[in-house]
Amino acid sequence: MVKVMKITLHIIILCLLASLGNWIQHTFHLLIPGSVIGMIILFILLFFNIVKLSWIDEGAKFMVRHLTLFFIPATVGIIDYFDLFLGKGILLFFIVIISTILVMVSSGWISQWLIMRKE
Amino acid sequence: MSMIHLLIGITAIIGTVITYYAALKIHHKYHYPFTLPMLIATIIIVLILLIIPISYETYMIGGEWINKLLGPAVVALAYPLYMERKLLKKMVVPILVGTCIGALVGISTGVLLAKWAGFGEEILLTISSKSVTTPISMAITESLDGITSLAAIFVMIAGVGGAVLHSYVYKYTKIHHYLGKGIGLGSASHGIGTAAALENSQLEGSISSIAMSISAVVVSVITPWMMNLLL
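Taken in order, these protein sequences are the chains called A and B. In this text, residue positions in the first sequence follow our numbering: the first is 5, and each later residue adds one. In this text, residue positions in the second sequence follow our numbering: the first is 151, and each later residue adds one.
Here chain B stands alone, though its shape is the one from the complex (with noise of 0.2 Å):
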């Protein structure tokens, strides 16, 4: 590896914790949906590589060493998991049937919208598991032939999407109740949306962590044969 490599890495992954920071600072002072930190220091870093410019596989020279930790991250979610564990027993039964109604409305809804709208069968394929986190997703994808790099997009909008427009739909909506909250959030916006609700409460995060790990596991056994009876 290069001297000019490990610099440009570097400056990646501290420009990247420093902008994460400063969209912190942001979303504390205006506190909305729609200065979810995430979001802001994504559009940050998106208009710097443009402006300067910087192609996204230089910035991800260091991107990729914190993409690397998303996976510990994950793990670490057996944390609030564990200290709530007492409580999340007596839900057994809300959990497992409110995971399983999303995934088959995230499957179902997402393909017949595409359809009707008149897209192609690969992007039918593609847009079927976007519910789910980003790894599966994408194995979902290609075992079904479907763009793999198409379906990780896909996947970031939902997760975007669905923790910045939740506590919207929840007003309207009257899902006041965690339980609620939880499973809507892990099973629409999988671990974006679990920090989402984790902001909320740790009860929260963790059904929602739950959610986003049963739906991953239904959705990939329920896709396949799905996709047979929509397209």
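Chain A on its own, in the form it takes in the complex (with noise of 0.2 Å):
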């Protein structure tokens, strides 16, 4: 019981983030998302020890443990665009697919060589 309060407690603080991170995009009109504003102040905040570890971890670590639960209503949205991949639509799909993995070879690979060649 004390944990599902500890996590509670420190979701809440990481929603305040959020929240203040949003707020610092629109008012000085960021491309970057507030979320992610967000997380590089509450980096900060731990780097110079004003919000202690021990605030954060719990909830945190529950977050990160179940990242993928957040973007699952996100992802039911394609149910309004099945029409789109109909036809000459599904070759965007496919597209979206092959752009990926050279994107994720390309980047993984060279960062892979770069990081070898100096160890």
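Just so you know, the hints here were simulated from the structure itself, not pulled from any lab data. All residues carry an ideal CB built from backbone N, CA and C; glycine is no exception. Take these hints with a grain of salt, some might be off.
With the C-beta cut set under 10 Å, the calculated list includes, among others, these residues of chain A facing chain B [stated by the list, open to error]:
#1 Ile15
#2 Leu21
#3 Thr31
For the chain A half of the interface with chain B, some residues (derived, Cβ under 7 Å), not all of them [to be verified]:
#4 Leu18
#5 Phe47
#6 Leu71
#7 Ile76
#8 Val80
#9 Asp84
#10 Leu90
#11 Gly91
#12 Ile94
#13 Val107
#14 Gln116
Quick list of the computed label-pair ranges, beta carbon to beta carbon [to be verified]:
#15 Thr185(B) to Phe32(A): 35 to 45 Å
#16 Ile160(B) to Arg121(A): 47 to 57 Å
#17 Glu207(B) to Val8(A): 28 to 38 Å
#18 Leu237(B) to Lys10(A): 23 to 33 Å
#19 Glu123(A) to Ile160(B): 51 to 61 Å
#20 Thr161(B) to Val8(A): 37 to 47 Å
#21 His181(B) to Phe32(A): 38 to 48 Å
#22 Glu272(B) to Phe51(A): 38 to 48 Å
#23 Trp117(A) to Leu157(B): 51 to 61 Å
Dock chain to chain to rebuild the complex, using the hints, since each chain is given by itself in its own frame.
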């Protein structure tokens, strides 16, 4: 029970940071999403020991472990776009997949090559 | 808010969480890349909505609440990042170079392949930013006058596609270092890729979340410029 309370409290802190990030994004008209700004802020706060690890760790661990749960409702949205992928549109599906693989291989390969050369 | 509204919302939330847990169990028992819990859960929910039938809009009365937690979940990625900070500091150059190459390849191959297949300018503008996280891709697409709702679908295909295929891709291309794997997943498949990287290790996940963040910034800066070149 104590753990559940702790996780809930920690998630509330993370929610506040996300709202702060959104506020910064809108106020300064930035293209970086509010959640990423919130992540950078939390990292800085942890780094300078302004936020103690014990204030967010249980909640953060929980949310990171179940990260994909939070993507599910948005992904279900494909239900409204099935028509688009009928006929010629199906090509777009394969184009996205091929391009994704090319990104993965090029970025992964070059960074691996750079680090292995160094090590 | 009416009583029935509230009831639908709570059912959608509980239903989604139960489906997710069931999908986790399935993934545990049959551990293959294509049994990705998120993919299984999405397919089950889509089928349920189609069979009953319930509109996406109705489902989102509850789904919206889970969707709202996506923001704090991304904030939470600062935790693994902080835990691995000492090791990450040593890899700044490979991380930056890899991520920038990924951003260039993602924009150019997506746009050129679609152009080659004969799609119109509106689609080309929309597909350009598919490798970055949904809010950024939608913002870029809007500023370029593409189709924002379609951008979200492309982002999702890039995310789930990368998360499902990465183990095969890495096997055949001999990318085995956690740095390369993390950069590849974060650059190609944003948050969904990062979740997949976190399943491999905390370190790979942290690298992926860095790649995802850098790539968001780089892509939003270079896309308008690259589109002038590619169209």
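Which hint numbers doesn't this structure obey? Numbers 3, 10, 11, 12 and 20 - these are the hints that the structure violates, sorted from lowest upward.
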